[in-house]
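Trainee: Read top to bottom, the protein sequences are chains A and B.
Residues in the first sequence are numbered from 1 upward in steps of one, following this note's numbering.
Residues in the second sequence are numbered from 1001 upward in steps of one, following this note's numbering.
Treat each hint with caution, since some may be false.
Stated by the list, open to error - Straight-line distance between alpha carbons at most 20 Å, and here's what the computed PhoX-like set of lysine-lysine pairs gives:
no.	chain 1	residue 1	chain 2	residue 2
1	B	Lys1236	A	Lys91
2	B	Lys1236	B	Lys1302
3	A	Lys103	A	Lys28
4	A	Lys119	A	Lys103
5	A	Lys119	B	Lys1302
6	A	Lys28	A	Lys171
In case anyone wonders, no lab produced these hints; they're calculated from the structure.
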Amino acid sequence: MPVVLENLGKRFGDGAPVLDDVNANIGKGEFVALLGASGCGKSTLLNIMAGLELPTSGALEVPSDGAAFMFQDAALFPWLTARENIELALKLRGVGKAQRRVKAQELLDLVHLGGAGDKRPHELSGGMRQRVALARSLAQDRQLLLMDEPFAALDAITRDLLHDELERIWKETGRTIVFVTHNVREAVRLGQRVLLLSSRPGRVVQEWAVTEEHRTDAGLAGQLTGVITARLREEIRRHAK
Amino acid sequence: MPSNPTPVVDAPSTEPEGSRHITAALTRSSSGHEDLRELESGLDSLQSDAARKHRIDWSRILLPMAALVVLVLAWQFYVSLGVKRRDLVPGPLDVLGQVGVLWGEGKLQEAVWTSLQRGLVGFLISVVVATPVGLLLAQVAPLRRAFGPLISGLQVLPSVAWVPAAIIWFGLTDGTVYFVVLMGAIPSIINGLISGVDQIPPQYRRVGTVLGASKLEMALQIVLPAALPGYLSGLKQGWAFSWRSLMAAEIIAVGGTIGFGLGSLLDQGRALSDMTVVMSAILLILAVGILIELLVFAPIEKRLLRSRGLLAGSTR
C-alpha cells in the first residue's frame, strides 16, 4: 500500500479541527478522486501527504521518496521555457545534463507538446500550461502523484480533453494518483474510487467504486453522479443554520 | 443562442437501454489516441497567440528628439529675451561652444572617462558585495529583522554625509571617492533585491520544496531568478546612487591624488565663475546618466520583462 492514512487529524492553532479521524488506504497504481465541498480540508490533506504540512494527530504512511505534486495554477516558472521548467525538476532530482535534455523531450512528447518546448509559460494557453505542469510533476519520477484541483480553472472543452489525456498518461505510466476536486462529474470521470470528504471537520464519510462500465456508458455514469451529488448536498445541508 | 440544429441529449439517465454509444463530458470525449492528439493540437493553436513581429518603433526615437529640440528652443528663446545678464545665463550656443573648447583641450574626455570609470568600478564592486548580502538577508529571517532597518536607514542617509569622514580616513585619494560611492550604492541594491524577493509569489517556493530543492538551490535556482525584475530596479537605483555620490564626492574633494572628473570640472567652473563651464559639466553629467539608462538598463529590462510576458499593455 503506497498510502495509508490512520486516524489522521489536523488543526491550526486552537481552532476547530480541519481534519478529524481521516482513514484511507490507497493501493499502488490506483486512481483515487478525493471529493468534497469547499473548505473541507481537501487541500490540507493533500499537503500533509506531500509532506508540506504535518498532521497534528494520527499516522500516515507514504512512499519514502515523497510525492510529486501538481497545483491548481500551473505554477510554472516564468523565466524558464516549457522545456527548462521540466529540466529544472530533473536537475533538482540529480539527473545528468545530457540525460535531462532527452528525458524532457520525452515528457513533452508524452503530453503532446513536443513542438512547444521553447515557448515561455505566458505564450501558452491555460491547458498547455497545465500539461507542462503535468509533465514536470512526472519528471519528478515519484510513484505517487498528488493533484490539487489541477483543471478547475480551465474552460470546459479543455478540461474534457485533459481528462482523456490524464487517463491515458495514468495508464501509460502506472502512477498512483490522488486527485482532489469539488466537481462530482470530474471525480466520476477520472477516479477508480471516489472518496467523499465531509466538511468541518473533514472526514471520509463514504466511498464509491467507479468501474470501466461507467466510463463507456453515460447513463450509468450519470446515475452514479446523481447519487454522489445527493450525498454531497446532504453533507453540505448539515451546515445550514 | 439561436436554435440549435442538432438535438442534444441532456439527461442521459432517462435514455432507454442500449444507449452505450452516447458520449458526454462524463465519459471519454475522444475516441482513441490519434483523435486526442489532433483535438489537442487544434485547441492549442486556437488558444495561443500568433507570434508578433517586433519592428523598430520610430516614435520611440523621434518623440524624445522632438522633446529635446523644444526644450533647447525654449532655452534659447528665454536667453534672447535678455532678462538676465548673458554671463549668468548663457545660451545653448554658448554652452555648445564651451563644450567644443573643453573637447579641444582634452579636458572633457579626461573628465568623462575618469568619472565614468570610477562610477562603473564602484558600481560593480557594490553589485558584488550587495548581491550575496541581499540574498542572505532576504532568505534568513533573524538576519533580516536585525539588519533590515539599518540597511533601509543607510539608503535614506545622503551619501554626501560620508564625504567628511572619508576625507579624514582616506585623505584626498581615490579611496575617498570609492568609499562614498559604495556607501551610496550598496544599501540601495540590497534593498532592491530584498523587495524583489518579497514580491515572489509564495507558490514558487512551494513548487521548489515539492521539487526537492535544497536551501542553496532554492536561493540560486528559484528565489534569485524570480526576484530578477525587482533586483534589476535595485541595480538601476544603485547605479543612480553611485553616480550621484560620485559627483558629490568629486565636487567636495578636489586635489591630492584624486583625478580630474566631471564633478571637479563643475567645481572648477564655479571657482572661475564661468557659467558656461558649469552648464557644460551639468549637461555632461546628465548625458552620461541618460546614455547609461538607454544603452545598458533599458534593453536589459525590456528583454527581461518581455520574456516573462510582463510588457503587454505597458507604456514602455
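Trainee: Out of the numbered hints, which ones does the structure contradict?
Mentor: 1 and 3
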